[in-house]
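Reading the sequence shown from the start, the letters are residues 88 to 389 in this note's numbering.
Just so you know, these hints were derived from the structure itself, not from any lab.
Any given hint might turn out to be false.
Pairwise CB distance ranges (calculated) [what the hints assert, rightly or not]:
#1 111 / 145: 16 to 24 Å
#2 379 / 265: 17 to 25 Å
#3 107 / 326: 17 to 25 Å
#4 154 / 113: 20 to 28 Å
#5 104 / 269: 33 to 41 Å
#6 100 / 154: 23 to 31 Å
#7 366 / 95: 20 to 28 Å
#8 217 / 170: 28 to 36 Å
Every residue gets a Cβ at the ideal spot worked out from N, C-alpha and C, and that includes glycine.
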Amino acid sequence: MDKRDITPTLAARLVAAQFPQWADLPVVPVANDGWDNTTFRLGEELSIRLPSADDYVAQIDKEHRWLPILASQVPVQIPEPVARGRPDERFPRPWSIYRWIEGQTATRDRIGDLTALAADLAGFLTVLEAIDASDGPPPGTHSFFRGGSLAVYDAECRKSIEDAADVIDVAAARDAWQAALASTWERRPVWVHGDVAPTNLLVNDGVLEAVIDFGCMASGDPACDLVMAWTFFDDQSRSVFRDTIDLDEATWSRARGWALWKALITHVRASETGTDPDATVRRFGWRGSALDVVECVLADRA
Numbered sequence: 088m089d090k091r092d093i094t095p096t097l098a099a100r101l102v103a104a105q106f107p108q109w110a111d112l113p114v115v116p117v118a119n120d121g122w123d124n125t126t127f128r129l130g131e132e133l134s135i136r137l138p139s140a141d142d143y144v145a146q147i148d149k150e151h152r153w154l155p156i157l158a159s160q161v162p163v164q165i166p167e168p169v170a171r172g173r174p175d176e177r178f179p180r181p182w183s184i185y186r187w188i189e190g191q192t193a194t195r196d197r198i199g200d201l202t203a204l205a206a207d208l209a210g211f212l213t214v215l216e217a218i219d220a221s222d223g224p225p226p227g228t229h230s231f232f233r234g235g236s237l238a239v240y241d242a243e244c245r246k247s248i249e250d251a252a253d254v255i256d257v258a259a260a261r262d263a264w265q266a267a268l269a270s271t272w273e274r275r276p277v278w279v280h281g282d283v284a285p286t287n288l289l290v291n292d293g294v295l296e297a298v299i300d301f302g303c304m305a306s307g308d309p310a311c312d313l314v315m316a317w318t319f320f321d322d323q324s325r326s327v328f329r330d331t332i333d334l335d336e337a338t339w340s341r342a343r344g345w346a347l348w349k350a351l352i353t354h355v356r357a358s359e360t361g362t363d364p365d366a367t368v369r370r371f372g373w374r375g376s377a378l379d380v381v382e383c384v385l386a387d388r389a
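Could you put the whole structure together from the sequences, leaning on the hints where they help?
Here it is, written out as structure tokens:
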């Protein structure tokens, strides 16, 4: 089933058939829909998330298993699973109902104090990484290898560097990527959110209220959770973010690799498909274009 076929009508029928106690609640699309799931609001207090493709199905069991455990230990709200839907003739994948969390996605114009947000996000990640992750899911296809080795994306990133050679500093990009590959996380595995992006942060009155969408969560290397340093923060807030989270330089080097890879493939895919690259980065919530992110990463590396 294609994402375009996942409609409010379909979601309402699934709820009515499997959870009749909520059958009378309105089903409304959310303003900022995700990539991995299609999300609807269910009444005033609930939301529905339906995997957009088979690749995202494994995330459901993971969230139902671990989010209730993490919720009691982190300093901001995270999603609360309420019910698990089953596949049927209408929809071929399991799906979930969650508690609705009030808030707006983080955008630069909604943040009064960017350094405060940087400190709050770093504080959240520090607490998350301190929670025992020894039984957590290791990186794999379920997390799109977030928390794992950047080497999985080595060929893709190197090709993207060459494909973008007319608009980036190729030598600097190769150097930054090679530096990112030169180390690994040598400490115990820690909890990794896997997709720390502005669109997965909810704010109220400019203050961090919740972190959502843990579909890429894993137990491993936290470097992938640091990319907002270049995709969203400015020089001052990036410094606060870095100082507050207090990770070693090798981890920051791998983090630059994650940001570089994501920005490069975003630019190259838009160029190849003729799509608007600015529309893509707006969906990510980045503060500038994919090439702006590349330039920021390379300047930071220098």
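Verification of the supplied hints:
1. 111 / 145: 16 to 24 Å: This hint is violated: roughly 32 Å between Cβ atoms.
2. 379 / 265: 17 to 25 Å: holds, 22 Å
3. 107 / 326: 17 to 25 Å: Once the Cβ atoms are compared, 53 Å apart, the range 17 to 25 Å for residue 326 and residue 107 is violated.
4. 154 / 113: 20 to 28 Å: Check passed, 25 Å falls within 20 to 28 Å.
5. 104 / 269: 33 to 41 Å: For residue 269 against residue 104, whose Cβ atoms are near 53 Å apart, the range 33 to 41 Å is violated.
6. 100 / 154: 23 to 31 Å: holds, 26 Å
7. 366 / 95: 20 to 28 Å: holds, 23 Å
8. 217 / 170: 28 to 36 Å: Cβ of residue 217 to Cβ of residue 170: about 30 Å, so the range 28 to 36 Å holds.
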